[in-house]
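Heads up: the protein sequence lines correspond to chains A and B, in order.
In this text, residue positions in the first sequence follow full-length UniProt numbering: the first is 1, and each later residue adds one.
In this text, residue positions in the second sequence follow full-length UniProt numbering: the first is 1, and each later residue adds one.
You can trust all of the hints, since none of them are fake.
Taking beta-carbon pairs under 7 angstroms as the criterion, some of the chain B residues facing chain A (in silico):
#1 R161
#2 N185
#3 E333
#4 S447
#5 A548
#6 V549
#7 A556
#8 L562
#9 L563
#10 R566
#11 A631
#12 R636
It should be emphasised that the hints constitute simulated quantities derived from the structure, not laboratory data.
A quick note: this is a predicted structure, and the numbers were derived from the prediction, not measured.
Note that CB positions come from ideal geometry on N, CA and C, so glycine has one too.
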Amino acid sequence: MAGSGNAHLRPADEVVLRVEDLVVEFPAGGGRSVHAVSGVSFDVARGETLGIVGESGCGKSTTARALMQMPPPRAGSVRLDGVELTALRGEALRRTRRRLQMVFQDPISSLNPRRRVRDIVAEGPRVWGTGADLVDEMLTAVGLDPATAAARRPHEFSGGQCQRVSIARALVLEPEVVICDEPVSALDVSVQAQILALLEELKERYRLTLVFIAHDLAVVKNVSDRILVMYLGKVCELASGEALVGRPAHPYTRALLASIPRGGLGLPPADRLISGEPPSPVTPPSGCRFRTRCPAATPLCAAEEPVMRRIGADHWVACHHPHGRGSNGGEVR
Amino acid sequence: MRRRLGWGFWLALGWITLVLAAAAAADLLPLPRYDETLAGPPQSGPGPGHPFGTDGLGRDVLSRVVYGARVSLGVGVGAVLLGVLIGAPLGVLAGYRRRAVDAVIMGVNDIALAFPALVFALAVVAFAGASLLNVLIVLGVLGVPAWVRLVRGATMVFSEREFVSAARLLGARDRTVLWREIVPNVSLPVASYAFIGMAVAIVAEGSLAFLGLSVQAPTPTWGGMINEGRPLMETAPHVVLLPSFVMFLTVLAFNLLGDRLRALTDVRQSGLEPVRRRRAERLPARPHHVEEDVLLQAADLRTHFTTARGTVRAVDGVSFTLERGRTLAVVGESGSGKSMLIRSVLGLAPESGTLRGGHVYLDGQDLTELDDQQMRRLLGTRLAAVFQDPMTALNPVRTIGAQVAEPLMVHLGMKRRAARARAAELLASVGIPEPARTLRRYPHQLSGGMRQRVTIAMALSCGPDVLFADEPTTALDVTVQDQVLRLIRRQREERHMAVVLVSHDLSVVAEWADEVIVMYAGKVVERGPAATLFERTRMPYTEALLAAVPKLTDPAHHPLRLLPGRPPDLANPPSGCAFHPRCPYARERCSAEEPPLFQAEAPDHLYACWYPVGTGAGAVETSGVSGMSGAAEVLRATEAAGAEETTDTIEGADSRGR
Ligand SMILES: Nc1ncnc2c1ncn2[C@@H]1O[C@H](COP(=O)(O)OP(=O)(O)OP(=O)(O)O)[C@@H](O)[C@H]1O
Ligand code: SF4
Ligand code: SF4
Ligand SMILES: [Mg+2]
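Produce the complete structure using the sequences and hints provided.
Here you go:
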């Protein structure tokens, strides 16, 4: 399957989170469905930050929610420390799921306006009866004063402060993995820098494992150890930030990089740009889903879906004709 | 939630409390019995012993109104309670569970809604008799479908919020999620509608009484009293006067309570709502020089709002010039006044409670002296604008074709057919595939990028001299952003127009602008040619903004320089240099004296700072903040030091930052 395959996954005992062939579909009316996520696989090692980038609608948030089983994926496997989450139901799911936590994009909508900020952070410990002593520590760790937090409600805080409350709430249960879905894209650059710096600091201090989703490649590169590029519900490329920006191999990654304003960034000159916008996920193209916009597409791309293969040390790409390498029997471009 | 409810709310609450207390304590009050006939002469006007007179049977009107309140208020409050008690749980269930549960509940509800209310009322009264309880039950049950609908809608809205997902992730059970996360949020709108529902029930009881379907005589009800008094309108109008008046006031009071409560639930109040409604006042102009040969000039532009929190200086003395074929970018954090600057130039700033100052010259003509009609003619022809959210500029129920053709017909006097042909050309010129087909489509059928292209096509339709683009690509993906910015630049070159680009994104600005204005707290703090400004930055704020942006060329985990705190409250900006609470180079002078715009070595490069960076004047000593190690520590320290927690800033429409 395209932008599919599991060649890039590491041995199960090296990773804390392992996602295989995740499929999420939504009914689209008329018996058709939105193919939001189609066969996505990745893994995250303990203490690592995996960045996920891609355009709006490529299935980043849907992937995040499927990891949480909210809603559960149509198919595929999500293993947290070897425990298969998709097989769990009811009470067992409730107990296991708390080991994954999430920070959402909209700082306002992710906090209950009727509750005081400290109570919001204390909700997890209240449910489980443990970790109440961590509440004030976490508020302090995200740069908030526990006394202020005890007295105020979310609307009295700025967007950046609300996002810090969300982070404290996610951390207080000491989760195995924290998933951040666009945690900074609603914030000003100065506040964005504050949150990014804070996440790095907390990661160090609490040995966090993060999945960091964003559409801004520079932001993702700043916080991630490895970056996964997604397009229309598929995986395109996986590599370290250095390799991805320095030696992008997938035509879509190259287009993404070329679109970033380079204003004195000293980046290599822009590649051929792609035109248009992604096709509808209701009727995705056959073969490689990027082929309708890909400058390097060949008939092979329509016929056969490329799978992930290795093209460098920890550098993986799902493309028949990756840039700078011999394609499947073709010439080097 | 500390908000002003207004004196109307308290008056209404007082009135209802009074009526309730009177009804409850009726037996203790020194009143004649309500059913005591010939307590006084029949139909007599107000007099001793009967302050509001007597009715046709000589019964005391005041006493009857007070006792009548028991029925009217009892029915009002009781019917609503009954309706909420049955309707709310069903609504919450339908809204939270969705799917089959929802389908069943809503199916039954729709049937109930279709059942004729009057027939139901007649049937119940006919079979069970017209007692207070039966009337209450009839009205209560009739209200149930509406409550189910209302509560279900509110529940759905809140259960989609991320805080509900977050609670479930924390491990809260459904029951807990419902009680702690959803019900408290749903209850405020329910309470506000409950008051309105009480008003409706009181009126409904009155109507039933009119039809003889309510509580029977001699038990008084307000509606019944009005009905009985009707034949006496000519001889003894006082008989209907008091019940009508009391009923009117009570209904009004309930409605008012409901309305005020609903206003509470609607918005997060920023304290920035204008307090007066009238045309903008003009601030005295400062002397300035009108440049020749420039296309657009703003001179000492000021827009201040008078609000409950004080005067908000959203735009405070901004000047710039712009020539044809060039792009001027305005950058700054959210709330720095970028959007309001554009609105002020275009004369689109709100009028009420506004103080305006300064001048805008287009080819030497002072736009601030034009009247509304002259200004309207300029907008869309010589001045055009594109905003962040294309949906606000497009009418969702009209086709793209109708909307693109309209300015052509209105401003250029084109005939329909010619205008549509031109519209198709315009769409093609902004890179929309199949323009002829797109003309027949509606905005929601296009993607965000395509919609933004349509608004650009509309803005360009009459060949403007200046295109204002306020965050035109903030809602778009990078690949689409690139296409849109390329398009704007190409159009600028082809049409030899000027562009004013507002953006919070410094890399966009560095790539696409010729000149840059950096705004902070409504003022220009640095201005100059893009290359100079980014390479030889003088103002510490600009430097800090640049350092805060992650760069693709930086290695992973490269530490970003922290700019602590947030933009100041424009109603109460810091003294001296407004940036001083956040500035690492601030010294004593900075909080005492406001720096003017200084000229840098490079021509046209200006900055407002006493100790500019890169000159050796600053960077000597730095304030305590930079001595700290952790991000959390810095954030806490600056917040404690009163880098104050304002609520919203003036650019309410600016979606970033909240
Ligand atoms: N509940 C739903 N019902 C139907 N379609 C959905 C639903 N949720 C998501 N989709 C569709 O699934 C696809 C992936 O959406 P998703 O929100 O995961 O994208 P994303 O990458 O997070 O985008 P963004 O960057 O805009 O947040 C999109 O086409 C979207 O419209
Ligand atoms: S070259 Fe083919 S396989 Fe590779 S991205 Fe383009 S269309 Fe897909
Ligand atoms: S050095 Fe002083 S004048 Fe300059 S920006 Fe900082 S606080 Fe303002
Ligand atoms: Mg998303």
